[in-house]
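The residues making up each chain are set out below.
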Amino acid sequence: MVRTDDEPALRAALADLTVGQPDLPVDRVAGVRRRHARRRQLQAAAAAGAMAIAALGVIAVSGVFHGARSTQSLNRPVPSWALPWDDHRDGSVPQPILAGAVSHWVADQLAKAPLPPNQPITMRPVVWYLGTRIPGTDHVVAVFEATGLHAGALALTKGPRLVVAHAAWSDVTHSSVRGGYAWSYVDVAAPSPGYAGVIGGYAPAGNADGGFDNVAWLLTSPKARDASWTVETAGGRTLSGDVPLDHGYASVDVGQVMSRVRINALATGPEGQSVPFHGWLGVPGAPGREVPTLVSAGSLVGVPQGRLTLGESSSQGSSVYVDGDANAPAGRPTTVYARCYSADDARSIRVTVDGDITRIGRSGVRVVCDGQQHVLPGNPTGDPTARTGAVGHSVGVRASNLTAWTVAVVIHA
Amino acid sequence: MSSLGGVVVEAVDAVRRVPFDEFVAARGQALHRTAYLLTGDWALAEDLLQTALARAYPRWDRIVGDDPEGYLRRILVNTWSSWWRRKWRGEVPTDEMRDAPTNDEYVAADRRDAVRMALARLPRRQRAVVVLRFHEDMTEAQVAAALGISVGTVKSQTAKALAKLREDAALTGYGTTTTGGE
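Line by line, the protein sequences are chains A and B.
Note that this note's numbering has the first sequence beginning at 1, numbered continuously upward.
Note that this note's numbering has the second sequence beginning at 1, numbered continuously upward.
It is possible that part of the hints are untrue.
Pairs of lysine to any residue residues, derived as SDA-like cross-links and limited to a Cα-Cα distance of at most 25 Å, are as follows [claimed, not checked]:
1. B:K155 x A:P8
2. B:K160 x B:G148
3. B:K164 x B:T153
4. B:K164 x A:R11
Derived coverage of chain A by chain B (criterion: at least 3 residues anywhere in the stretch with Cβ under 8 Å from a Cβ of chain B; other residues may be distant) [said to hold, decoys possible]:
5. 7 to 14
6. 404 to 413
Just so you know, these hints were derived from the structure itself, not from any lab.
Since the model is a prediction, treat every value here as computed from it, not as a measurement.
For glycine and all other residues, C-beta sits at the position ideal for the given N, C-alpha and C.
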């Protein structure tokens, strides 16, 4: 009978189990000092609170403290690498749907950079910050951080990641796409645990005018009580406001906008002391990835209508559209009608007829984004069957995500 | 008594106290491994270690004796025990998290995973005993002191833990094997 000598085997097993220990974190001692400081702050606050209660002889009524709130408590324990912020999953999105967002993201990472076959795999739980349906929209947003050797993806061995996931509610509740293609992600290196800024984004909401309002959502430290913001709205007016934060989270309808929301200050403390914070609402480290739905650039005037007029098309960011009904030989001259404005520092867009969509930036005509209509000669048409094998001509627009444009192209017979 | 106390303090002062930063740099990774064997997760282990270090930090200069590591290890285990009692909620595990497919090339990883899972199934005290006794190579008396239990309890908990691990077949493939009958 074969018998294992238990104690040496156990020693060997325990030693083997620690294979794959992560490198010494560079900030371990700093992390310890931060914890110590936070612990002292909490103790001081608790002592002050106890003294205040004793002096007043009153017991706080739970309702004063928003007893029905659904977020976890301030200073919930989180791993040292994570933001010490609250968990705002409010139950409006079932956890299996949120878990689907995580597993799909992990699958993406795995597809991009799988681990070598002999690399051990360690599953890690994620730290949740937000999982909610944005009021007034068909929009779901989930925010979490993950770290380490996660589900065998090499990309996840290089430090914690902050992930902001968006989806349409109607998509994530539809069984055929749930957990699959429903989610889109903004994935960045996680900010340091001491990060004092905001994470935020936008959800579009159709309005009665046929346009889109933007519901801005904002996540920050639970110490912040409210945030002051400004945004440029339709017509170039500047709108300002203060939004109260529920333990570091809020959403607010900022209407139709022509710019990103700028956060100017975060108020903390009982007297509303403000911490200046000048930054666009978005995901730290991913400028331009969280963008509002901008007001349309406006209609074009004087565009000849006919079979060889492509557009007019109005959108935001880069895109290509094909008019399968337009049929003209290669080499015909074109005229581009365009109007655009930009909510970032982009100064122009580029419009290409029948161009290589991967090289739009190198061809076609440049249109200055000053809000005015421009009429410019475009490049000659290409072979109408070259791109798709079918008749028709295409118009490609290269623009930043924060540039709204309206374009039409006329092919001259 | 006061004079005796004075002597003790003087004697300790005569021993060079290891600065906190130096100690963490030198022994942090070893303690991190211990924390991992308790928690089964490297990130949680780092968190546990930092929590324990943060508790030791303000009284570092007053730690009497020349075994700060033993002191830290005790805080580590006690902190982990309190986490367990609180039903640690710092991270909420996701449901339906997909693991990567495994195959025969992952034998070593699978084996480690089996040990990790078997350890996770041990009751809290048995797990602590196993880690301290067989990873930290502490004597039964040291384990008893660290956990605040009797030596007899250490012995019985060790025997039970080994029996469970044997039932789990988690140790298969490790250590030496001998042939013979019982």
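Verification of the hints:
1. For the hint pairing K155 of chain B with P8 of chain A, the CA-to-CA distance comes to about 17 Å; that is within 25 Å, so the pair holds.
2. Pair hint K160 of chain B plus G148 of chain B holds up; C-alpha atoms about 18 Å apart against a cutoff of 25 Å.
3. For a cut-off of 25 Å, the pair hint linking K164 of chain B to T153 of chain B stands: about 16 Å separates their Cα positions.
4. Restraint check for K164 of chain B and R11 of chain A: satisfied, since their Cα atoms lie roughly 15 Å apart, inside the 25 Å limit.
5. By the rule of at least three residues with a Cβ nearer than 8 Å to a Cβ of chain B, the coverage given for the stretch 7 to 14 of chain A holds, with 8 such residues.
6. Against chain B, the stretch 404 to 413 of chain A contributes 0 residues with a C-beta closer than 8 Å to a partner C-beta. That does not satisfy the three-residue criterion, and the hint is violated.
The structure shown violates just one earlier hint, number 6.
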